[in-house]
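Engineer: Quick note, the sequences are listed as chains Z and C, same order.
If you read the first sequence in the working numbering, its first letter stands for residue 1343, the second for the next number, and so on.
If you read the second sequence in the working numbering, its first letter stands for residue 982, the second for the next number, and so on.
Hints listed in this document are in silico derivations from the structure and should not be mistaken for laboratory results.
Treat the hints with caution; some may be incorrect.
Below are the EDC-like pairs computed for lysine to aspartate or glutamate, each with C-alpha atoms no more than 20 Å apart in a straight line [what the hints assert, rightly or not]:
| no. | chain 1 | residue 1 | chain 2 | residue 2 |
| --- | --- | --- | --- | --- |
| 1 | C | K1133 | Z | E1430 |
| 2 | C | K1137 | Z | D1433 |
| 3 | C | K1137 | Z | E1436 |
| 4 | C | K1019 | C | E1090 |
| 5 | Z | K1368 | Z | D1433 |
| 6 | Z | K1368 | Z | E1436 |
| 7 | C | K1014 | C | D1078 |
| 8 | C | K1133 | C | D1079 |
| 9 | C | K1137 | Z | D1435 |
| 10 | C | K1133 | Z | E1436 |
| 11 | C | K1133 | Z | D1433 |
| 12 | C | K1137 | Z | E1430 |
| 13 | C | K1177 | C | D1249 |
| 14 | C | K1014 | C | D1079 |
| 15 | C | K1019 | C | D1078 |
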Amino acid sequence: MIPTQWFLILSAILFAIGVCGVLTRKNGITIFMAIELMVNAVNLTFLAYARQFHQLHGLIFVFFVMAIAAAEAAVGLAIFISLFHHRETIDVDEANLMRW
Amino acid sequence: MTWNDVVFMLPEIILSIGASLLLIAPVIGWRLKEASAKWAILILLAITALSVVICSNVVEGLPQTVSYSAMFALDGFAIFFKLLFITAIAMIVLLSDDFLRESRYSAWEYYSLLGFALIGMMFMASGVHLASIYIGLELMSLSSYILTGFFKNEQKSTEAAMKYFVLGTVSSGILLYGISLIYGVTGSLNLLTIAKAMSTIITNDALMFGIMLLGAGLCFKIAAVPFHVWTPDVYEGAPTPIAAFLSTASKGAAVAIFARIFYVGLHDFQLDWSNILATISALSMILGNLAALTQDNVKRMLAYSSIGHAGYVLLGILSLNAMGLRGVLIYTLVYVFANLGIWATVLMLRRHEYAGERVDDFEGLHKRAPFWAFAMIIFLLSLGGIPPTAGFIGKYFLFAAAIQSGFGWLAIIAVLMSAVSMFFYFRIVVAMYLREGREAEVAITPALKLVAGVCLAVTLIFGILPAPLINQATESSSWVAARAAILTHAGR
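For reference, chain C alone in the conformation it holds in the complex:
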């Protein structure tokens, strides 16, 4: 291993050491207060983000962006997602602060598990080999199972962890079987070698079966219908900051590997799977948004809405053009910030362990916290894809990509379902502004203000001035898109 190899993985190495130190800090008798755990992880995240930026500049000067026997890439795509995940985790740390202070659970363990999940996600963003992708995915999933059940004296939390664990491990088993069949047909686990082998294969039942199993496993991770059943229960039962983690960072990581595997590895085998993905996408949009209409619990409503959003993201993946990949990047970023803003507002309402979860709890929020009620409207509009917000830009790219590649009917369903989604988003707005009588009890801390403020700024700035975001997404996606295009020309 040379110094160049170390540079590729330096952020992960720093984060691994740091997260391990967080885990053992209370054990080896550093008599530190629980409150300092938050600062420790935030400093660690800042160092990691800085090292990502520095290492990416160093790697730009190197002849290739792939290292470790072509298992690990530090290209624009990976850097985009890594910085996004680090930011999201930092915000989740801020969201968790008060939540943990009121409970009797160790903050050090909690934050180190978030750190381990982040390492897994960073490996997923960088993985160009099915082994590194799978191991990153499992590191993230195992940390999420523990975090979901972290409040072990809460029966709901434990039950959610059990459901998530059973369904999650079954889905990774299915995903793994898919990987093994793809390995058997193509003779490799490297995405580029797989892509080369694919271009010479016309039809192969084992390969088709393998791709379907792999796709099923990935669809579970992004919570697409019919692999979505875990989502509402897990979001409801998990501690609220962890529900925020699952619906933003964890989902974004799954989207990143989904896009990379299908754009790079399976690009030339597109004809067979894009119709299957189109069906899954349509079902996710329809079922997710319609089921959300009937929910009274905000966490369950957001869970169903996140199922619907999985359907939108799939539009960008199945359309397999540069526009679609750009759309996936933009939409993931926009969705992460809008969703984190909503979760921050939900946490502002929290009084006890599980309060602030019903739509009724939002009643009269505009009297107690007019600014944050307004911010909530912006976040909801962004998720619905209404113009002055960033959500519109994301949806625009995804829908345009779908139309470009001949999935016009899917784009029509997507537009209709966006309209449906405004109904249940506006139930919250109606509760906040139009219901008289009760005044929502709020506990607005500086940390929550910071998170909601940053999310509001990002949602509005990229909504009004989208050019920097679009340019960045174009640049970041160009490596993957270019690689896919070269392979297509070579293979056909």
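Here chain Z stands alone, though its shape is the one from the complex:
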């Protein structure tokens, strides 16, 4: 059996890639993809621990997280479309009407 640590290291790396993507990318959709990567890294952590503990809690939690991530995608894409209507771009650095 593959040890739990390997999954945890993989998910930590994925999470770090997601955080770097959010911090460095300018395109709204790419940032959103990076956020999804973070959430899925968390899912992997839950699954690894649930496998180790032989528990259902972690597995079920992952289903909830996936459902919430889907709802987040719906809301987020709607907001980006609305932003595109105003600015013809989804570059987040262009959204500078108010000071950050």
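Assemble chain C onto chain Z, guided by the hints.
Structural biologist: Frame of chain Z; chain C shown alone:
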């Protein structure tokens, strides 16, 4: 599922059905006027509040206050916050009425989203399991993202929604990673089981990392430094009633879960995180209040002031004693009412979509509306924590709790920063009373009068006669405090 289980969640069930009906009401062709949406949501909120009271009386007679596999509690703490949130949402509905009438957006959608946000907040107040807390938090956050961008033809509103969405989802991702690490170390998501597991763990790097990530996510939601950057922009860009919602109800819900997680779940692991929280609290108070000094936009000023208030509330959470928890409850209530009163007064000045936002717009208000100018002073004094108002009681408990648990230096910073906050609060007072020349244009409707009047009454009555509020807060916090104390004795 038995009848007893249904009783625990009956208010949420009623509200879920009601809010869903509000959403589909215009679609299924009920030819109802936009104006009736307000009455529909107000009646729904009244029924929900009534069912909270009835169900809590039924649950008192049951052997335990926790149900649904120990995921959902209807204890004093939850009931206190639920009733507070329902009241706050009802007031925000009243604040939104005129704002929506002048716009072309559907009131039915708007109010149903407020209803969904309220369901999320009620789950947060009741959650004793990290899964139910997280899902409640996300329900509230997703509704807030949409409400922030609700005026989709306003560029500012959309931009604020985008910023709030990106930063909010990143912070929930971080919070979720923290939850997963805590689950990995303690083997459970239930706060009580986590607390039991914690008492046997001396040090654990993964657990420490998990708690820090969880704390970072929660600090984002209550807008504490260094996770505050979204606050001024979102408050400025969001429709004004939604800014009021974010700064009162939404923040109060985040405070409720912050207190519950740290008092019940992480109580025994306190030594490592209370110093980190103390730093965050000090930074929030200093940066929030100093940055507010330079703001000319009232919404941005209130945003920075709310960052400062997050710092004060953290005093009660990190001090980890019964006094602190009581202080958190009292302060949240007092802060919600004072802030809603201020937002009601800001809305009285509104002429167009975004007017009434600069400090200058308050010039000469005492000539046009002397009573509401006076009410505004009371609200500002309450936020500043000056004695005849309720804000003083809240701050007193928080500062005393911090001193009790050895954070005297933090209490000194808090007192100093309260003094600083009076400077920018009084800029509004100076504009209202001492600047001559212009007379503020006002549009005072009965709904705004009602909200400001209720807030004024609460702020003054609890300021002069604080005993009922203190007793209620003591009773409501006793469940959480007692549970934390039992665990401490068992673990040490």
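Engineer: Work down the list of hints and note, for each, if the structure agrees.
Structural biologist: Quick rundown of the hints versus the structure:
For the proposed pair K1133 of chain C and E1430 of chain Z, the alpha carbon gap of about 15 Å is at most 20 Å, so the pair holds. Distance hint between K1137 of chain C and D1433 of chain Z is fulfilled; the C-alpha atoms sit about 15 Å from each other, no more than 20 Å. Taking the CA atoms of K1137 of chain C and E1436 of chain Z, the gap is near 13 Å; set against the 20 Å cutoff, the hint holds. The straight-line distance between the Cα atoms of K1019 of chain C and E1090 of chain C is roughly 11 Å, inside the 20 Å bound, and the hint therefore holds.
Taking the CA atoms of K1368 of chain Z and D1433 of chain Z, the gap is near 5 Å; set against the 20 Å cutoff, the hint holds. With a CA separation close to 9 Å, the supplied pair K1368 of chain Z and E1436 of chain Z stays within the 20 Å bound. Note on K1014 of chain C and D1078 of chain C: the hinted pairing holds, with a Cα-Cα distance of about 13 Å set against a maximum of 20 Å. Distance hint between K1133 of chain C and D1079 of chain C is fulfilled; the C-alpha atoms sit about 18 Å from each other, no more than 20 Å.
Proposed proximity of K1137 of chain C and D1435 of chain Z is supported: the alpha carbons are some 14 Å apart, at most 20 Å. The suggested pairing of K1133 of chain C with E1436 of chain Z holds, with an alpha-carbon distance near 17 Å, which does not exceed 20 Å. Only pairs whose Cα atoms come within 20 Å are accepted, and K1133 of chain C paired with D1433 of chain Z is accepted, the gap being roughly 18 Å. Annotation: proposed proximity of K1137 of chain C to E1430 of chain Z holds, straight-line Cα distance about 15 Å (limit 20 Å).
About 9 Å separates the Cα atoms of K1177 of chain C and D1249 of chain C, which keeps this hinted pair within 20 Å; it holds. At most 20 Å may separate the alpha-carbon atoms for a hinted pair to count; K1014 of chain C and D1079 of chain C meet this at roughly 15 Å. For the hint linking K1019 of chain C to D1078 of chain C, the alpha-carbon distance of about 7 Å falls within 20 Å, and the restraint holds.
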